[in-house]
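Work out the full structure: start from the sequences and follow the hints.
Spelled out from the first residue to the last, the chains are:
Protein chains: 2
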Amino acid sequence: MKCDPSARGDTRRKILDLAEGLFLSRGFSALSYQQVSKVLGVRNAAIHYHFPHKTDLGVALIQRYRRRFERFVDSQAELGALEQLVNYFELSTVYFSRDRQICPSGVLSTEYPALPDEMQREALGFIGQMRAWAVAIADKGRAEGCMRYPGEPEAMGLLMFSALQGALQLARIEPDMLVAVKAQICRLLDLPPDALAAGGTTP
Amino acid sequence: MKCDPSARGDTRRKILDLAEGLFLSRGFSALSYQQVSKVLGVRNAAIHYHFPHKTDLGVALIQRYRRRFERFVDSQAELGALEQLVNYFELSTVYFSRDRQICPSGVLSTEYPALPDEMQREALGFIGQMRAWAVAIADKGRAEGCMRYPGEPEAMGLLMFSALQGALQLARIEPDMLVAVKAQICRLLDLPPDALAAGGTTP
DNA sequence: GACAGCTTACTGACCGGTAAGTAGAGTCGC
DNA sequence: GCGACTCTACTTACCGGTCAGTAAGCTGTC
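Line by line, the protein sequences give chains Z and D.
The first sequence begins at 155 in the numbering used here and counts up one residue at a time.
The second sequence begins at 155 in the numbering used here and counts up one residue at a time.
FYI, nobody ran anything at the bench for these hints, they're computed from the structure.
Among the clues, some could well be false.
Copies of the same chain are indistinguishable here, so a pair counts whether it falls within one copy or spans any two.
[Stated by the list, open to error] Straight-line Cα separation of at most 25 Å, SDA-like style, residue types lysine to any residue; simulated pairs:
id, residue 1, residue 2
1, LYS208, GLY234
2, LYS192, ARG225
3, LYS208, TYR187
4, LYS208, ILE327
5, LYS208, PRO346
6, LYS192, LEU176
7, LYS294, ASP330
8, LYS294, ALA337
9, LYS208, LEU176
10, LYS294, GLY282
Here it is as structure tokens:
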């Protein structure tokens, strides 16, 4: 019927974009093919054409995050620890400003036991990536001498990761949570509270 | 049929107990009347007798948490800040040990946009209680001189709240997350890492 | 006989998923 | 240049299962 060449291969991306929004605001179990197809103006079966099973859609979603995140981390490699921290913080601000979405790792870990096996595997890999990055920032920060904190970089990275994930979720209900937690992390890293004034590149 | 007098009024509680477990491990949207009724050995309609709408079940669940939590906080009033922190930590350990459940505030904030209005209202109140308690611990800890940290007690309390919520979720995937984050919070509060050796009373 | 506490039996909506058909663009031999 | 064929990207029309929810009937207790 409509095989508009300008839109060729576009539907798949549109499905992913739309599903991503629903995923981050309502979760995977609460996401249905109908919600996507209705907004997109196609039939339910059209989604099934691109993603035969709901699991396929979920896996594609996480894999896209992983690729995107990998590129993002690569693009940050040359930056200093402080700038990387700024961009880390900026990441969660972007999510929050988009209709109070939360970070994918938050949705994935919360729904983890209800997810199909293949999605669990991908989630494991994705969260491993995020964890590694957070730890790397704490590590680099200490090496560069711009961050001062007790304990190992490992522990400090995990704390920042956990705190940001939790704060982003709780900010839906307590809007001051995100800024408060970010500011406190800065204090605990012995940074000046206004060290985060500059913006950064986010995926 | 079976109106066993010893079980009178027991079904309602059993429903709540079972629903609570499913709620904490799989979330509210992924929780169905069938799952509860099947395990409980009753018909679907029996659940509807006690909780006409799913929203009623959800609200009852949160209200029970609130009552329970209030009693818990009251019972802690006389304790020192350090003991209260121990019990706070113990709370999340108990959740984790019960089949990797997460804390109610984590489920509620993650699913928040998909929840019915009445549940959102209750969630707001519940998370307000938890927030207040976390801040109170940080406050008391500084007043007693047993905790040393930069910034206001408000900010430190919110950080602990966020970090524990996030860590509990992430521990499903990265099992070392919970202990690592707890230990790091202790270091950041300038406590000895083994300050948490003692157990405490948890609800 | 009134009531609590269920049951059986049902409803309509929605869920993910499938099979068969089709429009249109591209490709092929001739 | 043209018909035949193939492929992509859908559509229509279903499927059985599950969802929350309801109405009416039954049973044991007071």
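Results of checking the hints against the structure:
no., hint, verdict
1, LYS208 / GLY234, "neither (40 Å within a copy, 51 Å between copies)"
2, LYS192 / ARG225, "neither (32 Å within a copy, 47 Å between copies)"
3, LYS208 / TYR187, "both (8 Å within a copy, 23 Å between copies)"
4, LYS208 / ILE327, "between (30 Å within a copy, 22 Å between copies)"
5, LYS208 / PRO346, "neither (46 Å within a copy, 48 Å between copies)"
6, LYS192 / LEU176, "within (13 Å within a copy, 30 Å between copies)"
7, LYS294 / ASP330, "between (29 Å within a copy, 22 Å between copies)"
8, LYS294 / ALA337, "both (20 Å within a copy, 21 Å between copies)"
9, LYS208 / LEU176, "both (14 Å within a copy, 22 Å between copies)"
10, LYS294 / GLY282, "within (18 Å within a copy, 36 Å between copies)"
Hint check: violations occur at hints 1, 2 and 5; the rest are consistent with the structure.
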